[in-house]
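One line per chain: the protein sequences are F and A, in this order. Using numbering that gives the first Met the number 0, you'd call the opening residue of the first sequence number 0 and step up by one each time. Using numbering that gives the first Met the number 0, you'd call the opening residue of the second sequence number 0 and step up by one each time.
Quick caveat, the hints were computed from the structure, so don't treat them as lab data. Where a beta carbon is used, it is the ideal one built from N, C-alpha and C, also for glycine. Certain hints may be false.
[As the list claims (entries may be wrong)] Distance windows between CB atoms, simulated: (1) F:E80 <-> A:T466: 52 to 62 Å; (2) F:E14 <-> A:P141: 36 to 46 Å; (3) A:K8 <-> F:M0: 49 to 59 Å; (4) F:M0 <-> A:G271: 23 to 33 Å.
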Amino acid sequence: MKKQIRVRVNGQEREVMVEARQTLLDVLRYDLRLTGTKEGCGDGNCGSCTVLLDGEAVNSCLVFAVEVDGHEITTIEGLAEGARLHPLQQAFIDEGAVQCGFCTPGVILTAKAFLESNPCPTEGEVRFAIVGNLCRCTGYDKIVRAILKAAGSREGRHP
Amino acid sequence: MTERSSVGKSPPRVDAIDKVTGRALYGADIILPNMLHGRVLRSPYAHARIKRLDTARARALEGVMAIVTSADVPGLRDSGEVPDPMLPCLAKEKALFAGQPVAALAAIDPHLAEEALDLIEVEYEELPSVTDVLLAMRPDAPIIHPSLRAENLAGKDNGPSNIFWYVKYLRGDVEAGFAKADIVLHNTFRTSTVHQGHLEPRAAVADIAPDGKLSIWTDNQSIFKVRELVARYLRLPLSRIKVMPVEVGGAFGGKEHQQLSPLAALLAQKAGRPVRMVMTRSEVFKATRPSPATVIFIRAGATKDGSLTAVDVTMIYDFGASTGMPGLEAIHFGFNALNPYRIPNFRIEGYDVVTNKAPSGPYRAPAAAQATFAMESQMDLIAREMAMDPLEFRLRNAVAKGDLTLNGSQYSEIGFRETLERMVRYLAGKDGPKGKSRGRGVACGLWTTMSMGSSAHINVNTDGSMTLVVGATDISGTRTAFAQIVAEEFGIPLKDVTVTIGDTETAPFASISAGSMTTRSTGKAVYRACQDVKEQLCRKAALRMKVEAGDVEFLCGRVQVRDAPDKSISLAELARENFGLAGAGPVTGSGCSEPLGKPTPVFAVQAADVEVDKETGKVRVLSYAAAQDTGLAINPTIVEGQIQGAVAQGIGWALTEGYVFQDGVMKNSTFQDYRMPTAADVPFIDTMLVEVASDVIPYGIRGVGEPPIVPTLATIANAVHSAVGMRLTELPMTPEAVLAKTRGREEPEDASLSRGHI
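One chain only, chain A, in its complex shape (with noise of 0.2 Å):
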């Protein structure tokens, strides 16, 4: 095993003493001279047409310095240019979901802003909506995207409909498989959808210049995407357009998109004044991209041994009014419930689904949770039939390296054996949960990772220290994670490396930061960069030395001589004397990644002891374990973070989040009725890294943001059976829903409330 000096090993974050002193600049942080607020006007319908909107005594009131509508969009003069055209920025002439943008504007204060909206007149006229995803699929529901085909719906009329994807695989003979099952068991899951709940809500700040450059500052998680998506929107060069990096409160995925960055420029176009835009608590629930609700019908059969022998799963996600993401959801993330097992026949079926509610994206392993829900609660049902140990029945199914996934390719080193034992090992040492109504559950996840093309720039300093650039936003430890990789690579102490996020003009062009893919896809051009600059060192010392570049190596913070460790130059030495007269001129490096399509698979196994109040039916979280094969990991303490608050999230997912509608509109968009998991909701999370090193990037890592919520919902499920003795396949888990499930109850119909998913 290589002795390493820095990657490995957790020192503090970088970033950490900005963020405790709050000197840390987030995107509302930033308040320049001369600077308008502007807000923005919703939709108050689920679905409507707009017949008449009418700016004009809104702009006639002093203070207010800009406006805009669809009209004043240039992007949106035809179609074909902008993302997602069916719901642009500001909405044409239909809304489709109650908290869609019609107009904007900026104010000289908040308050006026405010005030402003109230003048602006819009004549509505309310169409019929469907917000009940099942509804929404019938031949007759309302059509909310006239233009929209459901693509790959074989065999079936292409004409309008609200379903815009639908996928089917299939492998073997579902039915025949089936017929070999000694136990087959058919049920339906329900999750409802649930936010991302970054803290810090959306802003986006947007100066322009006196020759009509753009600057902007907004949460993000690409600056890069945010330039492309406003240049698009304004129809302007990219060189126009500048983005600024800052601190990021939160994303999980909920700041891939944007709103506010194309109004907020638009504005400041118009005012020819920075305008800041910064969303309320309720703006961002209503109005920003949630996780799908899901409707999950899923068919298991395995023999008496414990062997799967079919699965049969139809997936509806309930996408609100969005039609991003299609097809990734159902087939390729949902399809993460099925490939961790070794499935003799199976028949997937997807469908994407729009509906006049909030419109839903990406939240941490987008999809994957809900469908392993689905499957690990099915599972747990399996083995509980055949009275066999959960995680033995897991791993008597659990593909290994060489097996199959269920689109075909072969596994390569994969590390959920290992996983799945660790987890027994650990739960084998510790107190089963004692007394009534406690209970254990256990369950599985698996993500794949990918890696995209990205860049990092080094510059050696004069003492030998290293500056880093990169473009990549930080919104998991990334930065930290690059700066050990630096420090490793040159053998120099971490304080010796700077790192910076630069803007889309000074950085190195940097990928999305998703996918559990930022430490892949930027770290792997870090490490390039290293080799690069180790060479040129190499090269130069080499020169000095009067030997033959290839007669030199880079070896902890020196360039030596091979097989003459006594003839050497230090790093520090070599920076140094480069600069000067007679030096060989300054050193800088630079990586570049290359997209790679392989997948790189990341298993999760987690347990919880849960105890279930009979009187209340509240579920109270008594201990939590959740292991997970990250490959190396270059920080264990970020990793362990990582892993703690998806878990945190996922408690919540199954036990108290969820939106509820009314007509198509949330009504609970506080943190007061939108509950997430406090302080005292959860117990300390003991977590089990598994360093099983993936085969495709530098140091084996495989990727460590989104795996650990994926298996957290089923595990408390799979708990609350164990306690109470009957399956809730419903989520949130609530205290009223619990309730009505063990006091034989049907949870109290309410005609006009409705959650997400009915």
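Excised from the complex, chain F in its bound form (with noise of 0.2 Å):
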């Protein structure tokens, strides 16, 4: 049985055809093909799914896709301007940040919301707003320094 949604992604209308048991997740990568959003676990630990559900940070494979009808997702694909990248774009690329890239786009969307309700953050409180997004390859040392970064740029804070 399939169900018709409307959902705004990236700032774009879109109608689409799901079944009732299909993920979020799915939905954004196999249907939209916004591959963009990644799936590390499948069941809500590792946080690369993450997109933002009307301005939260929520893991897109826990939620089913008849569940955002009417609501607004962003996902990494929708964070830049045209050729002008996100400040937490652009500081995950000066400092380093990006290794092998699979938790990135994750990461970002999570800070992003968080910066969203806390413009300036802490080492910790930093740390612990992405405690639910695994990386394997930084160590976060890079990632933590980029988020802070991004929150003490001007953009940064209004995103």
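With the hints as a guide, bring both chains together as one complex.
See below:
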């Protein structure tokens, strides 16, 4: 049984036919071909699939697609404005916070939602904020620095 | 010191922008028209005979387009061609571990594929299994591979055995060495099975052209190895298989092994349609290639003045059902634990053993981290007994250039002493951990890198920019390093260098991205390709300027006449004019590197401050410092990132990570129950790059990725000892384990649950 949903994805109104058992993650990746959102575990423990649902960071593997009918989603593909990168994206590049890149989209989106609620965080607050985003390459060092750097920039505070 | 324009600087990675915008494509991101979804049926038993395997009901389900069992695999019809024949891509008569693939199928929808798995009927006859490595070594143990004979098991009956490799190394007289010692300590150390933990699960997509030619996308450490593996299983010539490059979401040795690519290829062949396969996280844990658990018995002696007199060590590696990497683990790599020190008398015995558990394989500095955990814990205990500073004790025994390694070769240029001294200075400037239940630990580690034959290709574009094509999978930032080498050699900005990883047909051959070798193996080829291009440019420029070819040189982006700097021609000018009708023709250059057997040692010295919560037993890492003799760092930021990532992995290995088995089945196969460090579990990791140049590779580079995990396990264990005043000899040092130790209780025994090694 399929159901039609209307969802605003990266500022664009989309209509998709989804199955009741399909996750938001699957619809984003396979129906909308937004493969920047990654699947690392499928059970909400790694954060690789993080997207913004009405501005809040959620694990899209734990959300059914039918639940987002009428809502707004931001994925990593929707963060830059044309060629202008979001300050977090730029900070990740500048600080060397990107290694294999698999966790990167999820961490950046988690950080974006976090900085909106806490524009001037401490190191400890940043670490706690991204505790649901596993990274195996960086030891988190440069990721934490990148988020602190983006928070320090004016655009970082008001993305 | 040479002034450099690009090498030694830290420009952003060339792949970073695609990765922060979601454009980078990984194996599972390849979505093809008409694509099927593949799934694997796996053995639920640790050891079982497959008595009957019937796929008829699954085949009859509408939407199931192909099913394969071992009978469908051309390479398994007779033995000898496939790698690891005792553990084929699909089980033949027997399943040897829980999670081993038994059949694979492809259906039009992933959910349907999952449902169809339940319709495959398998009748198993459970066989006696052995999951305890020490029991597996006994003569009365159930035999896992009846055809397996212990290699080198000298003086013993060479009948069937679960020991698949045995080595023994001796120097001097161990007992005499212990007799001379003022202190001799004997301990047993144990480590658990741990996983590489790459965030990207395993994935493979196979497409088939109407003429039968296969294209494959899969996470890998070598596209050429994937091609060869698939060719062997499918009995196809290499020319019928093309492996495409993709981004790889973490590898750490775990992606040398390929389980899905032959299965996806077989299914695509059978269905005549593209097939995509992606493992669940649980499958990744249970059925890929984690690092072996170990039991290590070690006896070490030293005199009062702090000189080691003898070491006697027996290392037992529990490889699960795999006989991969025979000998490499116990000998060459395990050796690294002892090689940092002058040890006049030693005896090393190593056993590689199979059990009915998840098969093991390489993980960042294979085997060295476990062996070093034992040796460096022992070094710490000896230093404590003698009330000697642990770094001072190591400095007193540290090898230097000219000293002998354990296999009798001489150390060339090494930076161990410099790295130790750097850590001594760093710690002198840092406050010690104050307060109860806090402590500091240090440890050292050694890893040796080699170099393999590889190649590279450069096109000079009409505007003087360069396009570099390589075949080396980038798992650690190597693309950026290669681009920096080209920019450096031609004196051009990095933005004028494009670096592309080709597929197996467009890229020049590259050796595997492993062993901390990629920048050495392929980087050397890139360097030589640059020289090739320069030579050609010089010849053409000489022709244009009407001088002898020997009279010109390439300097700072120009070819100029020696001793007449006003007479020169720029790279851009030369490039542009070469292409016209009147030009001298295009310039493309290539370079190859040859295998280099001579190992290059890399030393790492690390220090940690920890705090132990007396109530919960939880260990918190307060601060961490890592010094490493990296040789020249082509891109220091990338090198730092490698070190920091390795340290975090080591912290997980030491404190929280470990397979929990019940009857050979892994019981904690999620990220919730297999606890990898989060951002809140690690501090900032201070890195110190000690650049003592190697004498064998351009720029003096040594290799970076693996060495920094080698000392971490012991560093944490030594810090925990400082904090609680007691030694934990078993990893992981979970809160339960720490509490049991500090409260004088043993860990509660549950007969049915056991760690990997017990």
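So, going through the hints one by one against the coordinates:
| no. | hint | result |
| --- | --- | --- |
| 1 | F:E80 <-> A:T466: 52 to 62 Å | violated, 30 Å |
| 2 | F:E14 <-> A:P141: 36 to 46 Å | violated, 59 Å |
| 3 | A:K8 <-> F:M0: 49 to 59 Å | holds, 58 Å |
| 4 | F:M0 <-> A:G271: 23 to 33 Å | holds, 30 Å |
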